[in-house]
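Enquirer: Below are the chains, spelled out letter by letter.
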Amino acid sequence: MTDVQFRFRDDEEAGDPAVTVDAFLDQTNATAVRIEPGDDARDLLPYLDRLQLIEVNFPAWTDGRGYSSARVLREAGYVGELRAVGDVVIDMLSHLRRCGFDAFAPEHGLNEADAHAAFQRWDNVYQATGDGRQAIWAKRHG
Amino acid sequence: MYKYDQYDQQMVDTRVAEFRDQVRRRIDGSLTEDQFRPLRLQNGLYLQLHAYMLRVAIPYGTLNSRQMTLLGDIADKYDRGYGHFTTRQNIQYNWVKLEETPDILADLASVEMHAIQTSGNCIRNISSDQYAGAAADEIVDPRPYAELLRQWSSFHPEFLTLPRKFKIAVIASETDRAAMKLHDIGIQMVKNDKGEIGARFFVGGGMGRTPMIGPMIRDLVPLDQLITYSEACLRVYNRYGRRDNKYKARIKILVHELGKEEYTRQVEEEFAHLLTQDIEPPLAELERIKAMFVDPPFEAGANDDLDLSDPDFRLWVERNCADHKAPGYIVATVSLKPVGGIPGDASADQIRLMAQLAKDCSFDELRVTHAQNIVFPHVKKADLYKVWQTLDEAGLGTANLDTVGDIIACPGLDYCSLANARSIPVAQKISERFGSAEKQAEIGELKLKISGCINACGHHHAGHIGILGVDKKGVENYQLLLGGSEGADTSLGQITGPGFDEDGIVAAVETAINVYLRERKNGERFLDTYRRVGMAPFKEALYD
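Sequences listed follow chains A and B, in order.
Residue 114 in the numbering used here sits at position 114 of the first sequence; the count goes up by one each step and never skips.
Residue 502 in the numbering used here sits at position 502 of the second sequence; the count goes up by one each step and never skips.
Hints in this document: simulated from the structure, not taken from any laboratory.
Take the hints with a grain of salt, since some may be wrong.
As the list claims (entries may be wrong) - Think about it this way: if two alpha-carbon atoms lie no more than 25 Å apart in a straight line, the pair counts; the simulated SDA-like pairs of lysine to any residue are:
id	chain 1	residue 1	chain 2	residue 2
1	B	K165	A	W61
2	B	K3	A	G142
3	A	K139	B	Q225
4	B	K429	B	N477
5	B	K246	A	A60
6	A	K139	B	D8
7	A	K139	B	I279
8	B	K248	A	E36
9	B	K248	A	T62
10	B	K260	A	W61
This one's a predicted model, so the numbers in the text were calculated from it and none came from an experiment.
From just these sequences and the hints, can you work out the full model?
Expert: Written out as structure tokens, the structure is:
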């Protein structure tokens, strides 16, 4: 398991290893699951209150399905840790944050200064994505 | 025209800083070319056969003179003194240097321009009707809706790594001048029987190797749900569009494989859910944008007569001008297709001259058309002769709009790393073969479109005559298609049969035109005759 390099939560990291969606659906007590790009995040919706950690795997950063998975989960009310794992690169970080990710475990560690700059990059945003940030249109008409 | 506020300006400035940082990481080796490629593409920077190419966004094809002037200056400063206007209403520079691109972007940002999402697997620059705001037949100006969508789609965090590129067009009249149904999403602004304006959605059109006409999936989306509905369309695509084969990754394949009904059902389900998520800008935001697209101050009672005693001017007016909604005004198109020229190319001086003319005689506005020409949308008829004379002296007075000389062509193998065959020399030869005004007058409206590979950037499927360059065992070969169209009567061209070599395809076009001239009945265009008589007489003349 790759270490979490960036985490925007105050609670403790979940202790249980994440299992596949299939394995998770067969168990009654697992608290951590890993979503692959082809998995349907909506399969997890009945179990959100017992989940502490959902990992979303990006085998290649150019496969963007994980962004939609993240938003589906957050829009359904998931408040646990949402962790991006795999081929997570600097230039994704701010977009992943906007889609609800709050932990990052890149398989190749990222340059701290570049990552910090990427997280801070956008002072304003054009869209409402449920991440709590006010969209530009809301500021214009606030 | 839309004017940036502090937020819009900050967004493009931030993008310049971000891209500068990405270029720095590429040059210092922290990014490999493989890692850098998707990043530079999202900023319109391609690595072509000979150099980097930068594609600059011209949202819905609208420019002011200050922006147009800068496009000319960039051509001089960073390129070889010319630019190439594209079928997506953008401009490309073919000879830029990687290390200079952040400076080009900074120059662009100084006039409220950018290269954001002009390439890559994301939502591209949004195109529209080049006559928007001027056309006599439009219900509303489509551009405010395009601008609302531009802001929504810019850096949309969920949709930056889609299965494939995603193109949206917005129109607002029955006459479709933007090939709307050949886009991933085509939006037609319509008025229902209660007089309410809404957006009709066509999803899953496209050209490329599997051309499809987009089916309508929603008759009317209310204006206060436009963004939410678009987001639903995109989310279904992002989750379920194919990623196993890049040639089957466009949304048209998803819509086709699921079927229009099932795709629509999934979108409506997602839409119902997203309506609970408060992601829609208030109507006040649309009103704010619309206020920037009000009509320019047309002179009431401007003289509606034109002196057409100069026959060359008369020809140009008849070919290149269109009706304007305001009396005394006219829409004038500048053809970037001189006989033997490269379709869509303009020199830095020509670009600046058009900017100056727009400032003096078209309320400071220009448009780029998907047919690679430039429009002055609001010319007072009293100024038109002077405008034409100035254009003509600069080599921009060609009177051939929508004729066989007004060819759409992609850059082809002369520039493009994807191409199988050259497009430009074929366009030049055909343009020369039919260059005379008499010949073009005899033939009338004939849209000829050339692509140098199956990706169809030259829209060959939608040409009355289409030409597709292919690679046949290492030799350039050209297929001929007939009967395509992109208007309200969109249709896809059919291949005539075996392909031709470079000279052969020029002769084949002439043969097809001769069949038309022989077969046509009163007032028929090439397309009408083809639709009436079918492929057989053309095939016979071409191959027997």
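Enquirer: Which numbered conditions among the earlier hints are violated in the structure presented, ordered from lowest to highest?
Expert: Of the numbered hints given earlier, the structure breaks just one, which is hint 10.
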